[in-house]
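**Student:** Grab the two chains, each in its own frame, and use the hints to assemble them into the complex.
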Amino acid sequence: MNPSSVLVVGASVGGLAVAEGLRREGYEGALTLLGAEQHLPYDRPPLSKKVLSGALAPAQTQLRPEAALERLGAALVLGDPAVRLDVTAREVTTAAGRHLRADVLVLALGLQPRRLPGDALAGVHVLRTLDDAIALRAALLTGPRVVVVGDGVLGTEIAATARSMGLDVTLVGPQPAPLANQLGLRVGGVLARLHEGHGVVLRLGVGVDDLLGTEGRVSGVRLASGEVLPADVVVVAMGSRPAIGWLEGSGLPLADGIVCDARCKAADGIYAVGDVAWWHHEGLGTGMRLENRTNAVEQGIAVAGNILGKDRPYTPVPYYWTDQFDVKIQVHGLLSGHTDVAIVEGDPARGQFVALYGRHGQVTGVLGWNMMKQARQFRPHVVERTAWNDVVPATRSVTLADGPSTKTVAI
Amino acid sequence: MRVIVDLPKCCGAGQCVLIAPQVFDQQDDGIVILLDEAPPKEFHAATREAASVCPGAAIQLEEDA
Ligand SMILES: Cc1cc2nc3c(=O)[nH]c(=O)nc-3n(C[C@H](O)[C@H](O)[C@H](O)COP(=O)(O)OP(=O)(O)OC[C@H]3O[C@@H](n4cnc5c(N)ncnc54)[C@H](O)[C@@H]3O)c2cc1C
Ligand code: SF4
Chain E
1 MNPSSVLVVG
11 ASVGGLAVAE
21 GLRREGYEGA
31 LTLLGAEQHL
41 PYDRPPLSKK
51 VLSGALAPAQ
61 TQLRPEAALE
71 RLGAALVLGD
81 PAVRLDVTAR
91 EVTTAAGRHL
101 RADVLVLALG
111 LQPRRLPGDA
121 LAGVHVLRTL
131 DDAIALRAAL
141 LTGPRVVVVG
151 DGVLGTEIAA
161 TARSMGLDVT
171 LVGPQPAPLA
181 NQLGLRVGGV
191 LARLHEGHGV
201 VLRLGVGVDD
211 LLGTEGRVSG
221 VRLASGEVLP
231 ADVVVVAMGS
241 RPAIGWLEGS
251 GLPLADGIVC
261 DARCKAADGI
271 YAVGDVAWWH
281 HEGLGTGMRL
291 ENRTNAVEQG
301 IAVAGNILGK
311 DRPYTPVPYY
321 WTDQFDVKIQ
331 VHGLLSGHTD
341 VAIVEGDPAR
351 GQFVALYGRH
361 GQVTGVLGWN
371 MMKQARQFRP
381 HVVERTAWND
391 VVPATRSVTL
401 ADGPSTKTVA
411 I
Chain V
1 MRVIVDLPKC
11 CGAGQCVLIA
21 PQVFDQQDDG
31 IVILLDEAPP
41 KEFHAATREA
51 ASVCPGAAIQ
61 LEEDA
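The listed protein sequences correspond, in order, to chains E and V.
Each step along the first sequence adds one to the number in the UniProt record's numbering, with nothing skipped, and position 85 is 85.
Each step along the second sequence adds one to the number in the UniProt record's numbering, with nothing skipped, and position 46 is 46.
Any given hint might turn out to be false.
Simulated crosslink set (DSBU-like; lysine-lysine; CA at most 35 Å straight-line) [claimed, not checked]: (1) Lys265/E - Lys310/E; (2) Lys310/E - Lys9/V; (3) Lys9/V - Lys373/E; (4) Lys328/E - Lys9/V; (5) Lys265/E - Lys41/V; (6) Lys41/V - Lys310/E; (7) Lys49/E - Lys328/E; (8) Lys373/E - Lys310/E; (9) Lys41/V - Lys373/E; (10) Lys265/E - Lys9/V; (11) Lys41/V - Lys9/V; (12) Lys9/V - Lys49/E; (13) Lys9/V - Lys50/E; (14) Lys373/E - Lys328/E.
Example chain E residues on the side facing chain V (calculated, C-beta under 8 Å, incomplete) [to be verified]: (15) Arg24; (16) Asp43; (17) Pro45; (18) Leu63; (19) Met288; (20) Arg289; (21) Glu291; (22) Thr294; (23) Glu298; (24) Ile301; (25) Tyr319; (26) Trp321; (27) Asp323; (28) Met372; (29) Lys373.
Bear in mind the hints are in silico, worked out from the structure with no lab data behind them.
Here a beta-carbon is modelled for each residue, glycine too, at the ideal position from N, C-alpha and C.
Excised from the complex, chain V in its bound form (with noise of 0.2 Å):
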């Protein structure tokens, strides 16, 4: 799984690092940082569910890769 973010589209909500706080993490100003853009099997689905609830929409997966 190959996670991407998408900036400009983050609105700083936080609610990916709720879910998946080893994927994900905020600046100060609460952009989102990436922090595993690989991350192992064990976070897939925390992973997948941050990406369903981040209210940005700034969060795509390319499962295969």
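Isolated chain E, as found in the complex (with noise of 0.2 Å):
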């Protein structure tokens, strides 16, 4: 009842993993793993901290040495993109005019980072790839000017990151504090303090206009407010969309990425997993899309589980972390939408603590300001769904009418 042959289409973090867990779980059938990219795996999160400073070679973010790859007994084929699906048939043609037929397939795409009109400019950059990392971290190297648009994680990341090799920064972005939509304006404004502190200059709560250039080279970047701020390099970190082009028409359910069901299913004998995939999540009983590695890599495993007739929904407790100057914020659960928020352990004065979100009365998610351990401990009351009073002293508690970005609070 196994099949005989797997198709994973996306060498990354998420395909790695589908391939891994296979043969994990003793399957010995044919496996391919087909990827855009020339590189052999490598890993993301890396790439806007370490391999941006200097601190990991390129090289060194290769997500497995050779000989566990060949261990995998997968043939790679990389550099050459797919164009084209045919659902039915389960086959895949590649930009090359190669033809992969499966019993299953899997995609594990990925994303493209938003652009903004007037980006062909030299010194404009965005980050998503390695050669991307590299590109940057060559530009960033002759000492510019360095704006930054896009006050999510990724912006914020890069921002710290340019700052520490001693760069001038300023992070522009909508909101009103750094990441103020996902994680509130109480913890946002600590990261915004925290930038401030390290001499990132902060333009928030202003959209971007334009990017003006000289010559067909970036020279700053206009905010709606009519400002102008020079730039040498301009980063854009304004999210990213599902790499699906090339499944339009193909028949596959796509919206907001490759629409499956709860166990991550898209079509007959076809899979999604990673940051491409939007399924429904049983436990919370809504559907979702999650951006981050650990994801990737456990929605990646579940595939591989149900490929192999498991048949179990794919029901994670969110996780992701992010590296800015000295400080490691984790985050378990989800804290969009949330109405509660409060300090349970450390004090953000000290550099230190960890802060419990709530929705309806329930935690949801927990996040750790170089606290990881202590954040750590607090998850089962995120998996638990535990009622926001029997962990949170009601004078720590803050409940928010209005939700998290529309009212400044202290706790």
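**Tutor:** Quick look at the structure:
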């Protein structure tokens, strides 16, 4: 009953997790990993941190040593993007004209950065791939004035890294504080102070109108307020879209990602994993897509199990982390849409704390700020959705009537 | 099986501790502690899964050792 062949499209962390999961579970059939990029499977989180700063050489991001990849017994086809899918035949056509057919297909395609009009100017960068990171690092080494457009996780990480390299850095974004939509204003404000304390100039609560250039090179960024920020390098980190353009018209259900059921199945014999997969989370009773590394791996492992007949819904407790300056932030569960926040350990003023997030009287997420182990120790409350009042003393709790990003609160 | 952890790559996620608490623990600062560098057979599957899940790609396995 096991398939005799599996083709994984997307040879990065999610795709590799599927392949490793299949072999771990004893799958002995044919296995192919098809990837658009030339590189052996590598890891993205270090790109905005240690690769940009130079602390890690590009080659050190490789996810597995070559011996481990060989042991996997998979055919690796690299540097050849899939361009067409035949859903019923389960056949993929590549840019180079290969035709690859398999009993089961897994799509682990990841994302493509959103772009700004005018970003063909020299000096404008995005950061998604290893090649992007190498190009951006080379640009940063020339000592430019940097403007980072985007106040999310990626933008703040890039700003922190570039500032740590001694550059003049301005961070621009529409939110009142970096990551305010996710973390709320309280913790977003702590993040803003961290950046300002290290000398990053913040221009928040304002959108970007235009990229300005002279002779084909970027010269600045014009804000909606009319202000012009001069820049030699602009990094656009305004979010990303699922890399599914080539699947339009294939008949595969697409929306904000590849639409899957609770088992991460999109069609007969076709699954999706990682950043590109929108699936139904049975535990939370809602459809979602997660853009983080642990999800790509855990979903890959779950899909490997389902391919081999386990038939289990995928119901993870989301987890991500980000490193900014000397701060390591860990997030377990979901913070977005929270109505309650409380600091339950430590103190933001001392640079170490754990914040609990809740919604409708239940704990939904926990954030650790330089308190990794302690944050993990609160994770069971997230798993069990403990009643808010059972964990948080009333004196420490604050309820935000209008949601996290509409009010300033002090806890 | 031999387990090798690359400490500078560890981001302190603790996913390894959740999956294979017999093999991994975490220091207070979050960085992994390897409890058993040659875990017995019954923990091999969990150790392989921990290596796969580890967000820092900090856990490598030598299977033949
Ligand atoms: C700079 C950066 C920093 C990050 N930092 C963190 C972090 O600190 N913590 C965290 O939790 N997450 C972080 N993430 C997110 C994390 O890297 C992703 O969630 C994870 O890589 C998703 O894995 P994936 O396999 O789904 O997609 P990807 O890693 O994007 O891999 C998809 C692969 O598919 C290939 N592909 C796309 N289209 C095709 C095609 N048509 N044919 C063949 N191949 C194709 C791509 O080339 C790519 O290699 C970061 C991401 C970036 C970019
Ligand atoms: S899972 Fe990996 S990154 Fe996390 S604590 Fe363990 S070794 Fe470190």
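**Student:** Hints first: check each against the structure and report whether it holds.
**Tutor:** A quick look at each hint next to the structure:
no.: 1; hint: Lys265/E - Lys310/E; verdict: holds (13 Å)
no.: 2; hint: Lys310/E - Lys9/V; verdict: holds (33 Å)
no.: 3; hint: Lys9/V - Lys373/E; verdict: holds (17 Å)
no.: 4; hint: Lys328/E - Lys9/V; verdict: holds (13 Å)
no.: 5; hint: Lys265/E - Lys41/V; verdict: holds (33 Å)
no.: 6; hint: Lys41/V - Lys310/E; verdict: holds (23 Å)
no.: 7; hint: Lys49/E - Lys328/E; verdict: holds (12 Å)
no.: 8; hint: Lys373/E - Lys310/E; verdict: holds (32 Å)
no.: 9; hint: Lys41/V - Lys373/E; verdict: holds (28 Å)
no.: 10; hint: Lys265/E - Lys9/V; verdict: holds (33 Å)
no.: 11; hint: Lys41/V - Lys9/V; verdict: holds (26 Å)
no.: 12; hint: Lys9/V - Lys49/E; verdict: holds (11 Å)
no.: 13; hint: Lys9/V - Lys50/E; verdict: holds (10 Å)
no.: 14; hint: Lys373/E - Lys328/E; verdict: holds (11 Å)
no.: 15; hint: Arg24; verdict: holds (5 Å)
no.: 16; hint: Asp43; verdict: holds (5 Å)
no.: 17; hint: Pro45; verdict: holds (7 Å)
no.: 18; hint: Leu63; verdict: holds (5 Å)
no.: 19; hint: Met288; verdict: violated (19 Å)
no.: 20; hint: Arg289; verdict: violated (18 Å)
no.: 21; hint: Glu291; verdict: violated (13 Å)
no.: 22; hint: Thr294; verdict: holds (5 Å)
no.: 23; hint: Glu298; verdict: holds (7 Å)
no.: 24; hint: Ile301; verdict: holds (7 Å)
no.: 25; hint: Tyr319; verdict: holds (7 Å)
no.: 26; hint: Trp321; verdict: holds (6 Å)
no.: 27; hint: Asp323; verdict: holds (7 Å)
no.: 28; hint: Met372; verdict: holds (3 Å)
no.: 29; hint: Lys373; verdict: holds (5 Å)
The earlier numbered hints that this structure contradicts are 19, 20 and 21.
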